[in-house]
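Take any residue in the sequence shown, count from 1 to its spot, add 7: that is its number in our numbering.
Because the hints were derived from the structure by calculation, they are not lab data.
Be careful, since some hints might not be right.
Stated by the list, open to error - Simulated restraints, written as ranges between beta carbons of each label pair:
no. : residue 1 : residue 2 : range
1   : Asp157    : Pro259    : 37 to 43 Å
2   : Ala324    : Arg281    : 41 to 47 Å
3   : Arg113    : Gly155    : 40 to 46 Å
4   : Asp233    : Ala364    : 19 to 25 Å
Note that beta-carbon positions come from the ideal geometry of N, C-alpha and C, so glycine has one too.
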Amino acid sequence: MRVLDPWARNPACWEKISIIARVAQGSFRRRWICPRGARPRIAKRRLAHFWTKCIHLGQGGAPGCGVGLRRRPPRGGRHVMTVEDRLARWRRRYPRVADLAPRARRRLPGFLHDFVVGGLGDDLALGGARAALDAVEIVPRYGVGAEGLDTGATLFGERFAAPLAIAPIGGDGSIWPGATRAFARAARAARLPYMAGTLASHPVEQVAGWLEQGRWFQLYTMPGDDHRVSLDLLARAAAAGVTAVAVTVDVPLPARRYRDMRNGLRMPMRPGPRHIAQAASRPAWLAALARHGVGQFANLAPYADAPDRGSIGGFVAREGPGAGAGWPVLARLRDAFPGAMLVKGLQHPADAANAVALGYDGVIVSNHGGRQFDAAPAPIDVLPAIRDAVGPAPTLLLDGGILSGLDILRAQVCGADGVLAGRAFMLGLAALGQDGPAHVAETLIDEYRIALGQSGALTGAGARGMTHRHPGRWPALAFGEEAP
Numbered sequence: 008m009r010v011l012d013p014w015a016r017n018p019a020c021w022e023k024i025s026i027i028a029r030v031a032q033g034s035f036r037r038r039w040i041c042p043r044g045a046r047p048r049i050a051k052r053r054l055a056h057f058w059t060k061c062i063h064l065g066q067g068g069a070p071g072c073g074v075g076l077r078r079r080p081p082r083g084g085r086h087v088m089t090v091e092d093r094l095a096r097w098r099r100r101y102p103r104v105a106d107l108a109p110r111a112r113r114r115l116p117g118f119l120h121d122f123v124v125g126g127l128g129d130d131l132a133l134g135g136a137r138a139a140l141d142a143v144e145i146v147p148r149y150g151v152g153a154e155g156l157d158t159g160a161t162l163f164g165e166r167f168a169a170p171l172a173i174a175p176i177g178g179d180g181s182i183w184p185g186a187t188r189a190f191a192r193a194a195r196a197a198r199l200p201y202m203a204g205t206l207a208s209h210p211v212e213q214v215a216g217w218l219e220q221g222r223w224f225q226l227y228t229m230p231g232d233d234h235r236v237s238l239d240l241l242a243r244a245a246a247a248g249v250t251a252v253a254v255t256v257d258v259p260l261p262a263r264r265y266r267d268m269r270n271g272l273r274m275p276m277r278p279g280p281r282h283i284a285q286a287a288s289r290p291a292w293l294a295a296l297a298r299h300g301v302g303q304f305a306n307l308a309p310y311a312d313a314p315d316r317g318s319i320g321g322f323v324a325r326e327g328p329g330a331g332a333g334w335p336v337l338a339r340l341r342d343a344f345p346g347a348m349l350v351k352g353l354q355h356p357a358d359a360a361n362a363v364a365l366g367y368d369g370v371i372v373s374n375h376g377g378r379q380f381d382a383a384p385a386p387i388d389v390l391p392a393i394r395d396a397v398g399p400a401p402t403l404l405l406d407g408g409i410l411s412g413l414d415i416l417r418a419q420v421c422g423a424d425g426v427l428a429g430r431a432f433m434l435g436l437a438a439l440g441q442d443g444p445a446h447v448a449e450t451l452i453d454e455y456r457i458a459l460g461q462s463g464a465l466t467g468a469g470a471r472g473m474t475h476r477h478p479g480r481w482p483a484l485a486f487g488e489e490a491p
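With the sequences and hints as input, model every part of the structure.
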């Protein structure tokens with residue numbers, strides 16, 4: 008197994024800043040650990056690969072190299088790998104988002120990997136969303152040139168590099184420690200909006216401070232005490248400078264996710280021996296944990312009995328985030344926030360029309376990543392009917408299955424103003440560490456640029472008029488008398 012950085016062979020290049028560093032140095036000197044049955048030379052190579060690849064490259068920190076190791080300035084004028092160097096390397100090794108999945112699987116504890124990539128039931132809704140996107144065909148137009156090519160998009164009065172937002176992921180800091188900050192950094196660098204979630208690992212005030220634009224927030228309603236917490240979260244978001252809030256309505260009840268049930272994931276979480284064993288076999292994840300700490304639902308800490316992880320988890324379990332989001336409640340929430348508001352999780356044209364009638368500025372067409380209702384249609388398939396129902400003015404965003412820049416174009420061709428991607432960015436973070444989301448953003452934007460040029464659409468507005476074939480499209484008549 009080849010060592011990625013030659014300096015790692017020499018323990019003198021390391022500073023002893025923890026017991027883990029001393030153990031690693033002792034291993035290289037053949038004094039302490041040596042895998043049973045392995046020759047010393049092979050053991051040294053394996054340990055060098057462990058520390059350099061799993062921790063140094065996995066976290067990408069400068070000057071820190073993860074847990075226990077800090078790299079000294081190289082001797083002899085050797086090049087120090089920068090963030091730009093890593094991104095260039097990843098472009099060659101992982102040219103598409105799907106290429107990150109195997110590496111993410113190797114670096115995430117098994118129970119967390121299942122949580123990220125899985126849906127519920129038989130994963131019908133999860134797989135259907137992806138298959139429906141792949142089925143959309145676009146007829147390209149040539150002879151138009153590429154002079155007017157522009158990937159930019161204007162959403163809620165702000166100009167972004169692409170019609171792409173980083174979606175909220177519940178418990179992101181528990182899946183990969185430091186996730187919320189990594190997503191915010193990637194969004195700021197790429198000029199994309201980031202929709203921080205109610206269950207993010209940092210409070211909305213802190214996330215808003217990390218961003219220069221695109222300060223979006225996802226709200227889970229909390230029905231207790233006449234939605235006192237829901238309304239207070241909206242007030243906090245407004246005070247923090249959030250420009251758009253999406254209220255999630257597709258979680259009326261907790262779902263039965265078989266993978267999570269088998270893995271013992273519940274709220275509040277109580278790690279058992281199996282969880283600890285799986286985590287112990289993932290050094291890169293442990294390095295992130297040591298650096299950023301255990302994630303918790305920081306937005307809800309002020310409302311729990313105590314600000315510790317157990318009390319917050321108990322509060323979440325009692326409240327049932329997402330419950331009680333009926334139309335009267337949605338009307339109250341709309342009146343409580345001065346900025347733009349969307350309803351997230353709608354799939355019926357009549358529901359979308361109701362949201363617009365209440366004063367909401369748009370709808371996020373989503374099936375919650377295939378994690379709530381396994382018989383739900385693919386979001387892309389109901390998108391055209393929803394656009395017909397609400398008209399051209401409201402903002403429609405598609406959420407579900409986005410893994411490439413071509414998917415962004417497909418969504419626009421079918422009537423969306425933009426898309427949200429969640430799993431793609433979490434896979435990037437798990438596979439490549441803190442700079443992984445930046446690689447995903449760069450990949451998706453570049454793929455979208457090429458798709459615009461190759462199709463002849465050139466802009467998001469041009470994509471609306473593209474000739475396309477959408478075999479899974481639900482016609483408006485399929486919704487019967489309920490459709491407006």
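Structure-based check of each hint:
no.	hint	in the structure
1	Asp157 - Pro259: 37 to 43 Å	holds, 40 Å
2	Ala324 - Arg281: 41 to 47 Å	violated, 21 Å
3	Arg113 - Gly155: 40 to 46 Å	holds, 43 Å
4	Asp233 - Ala364: 19 to 25 Å	holds, 24 Å
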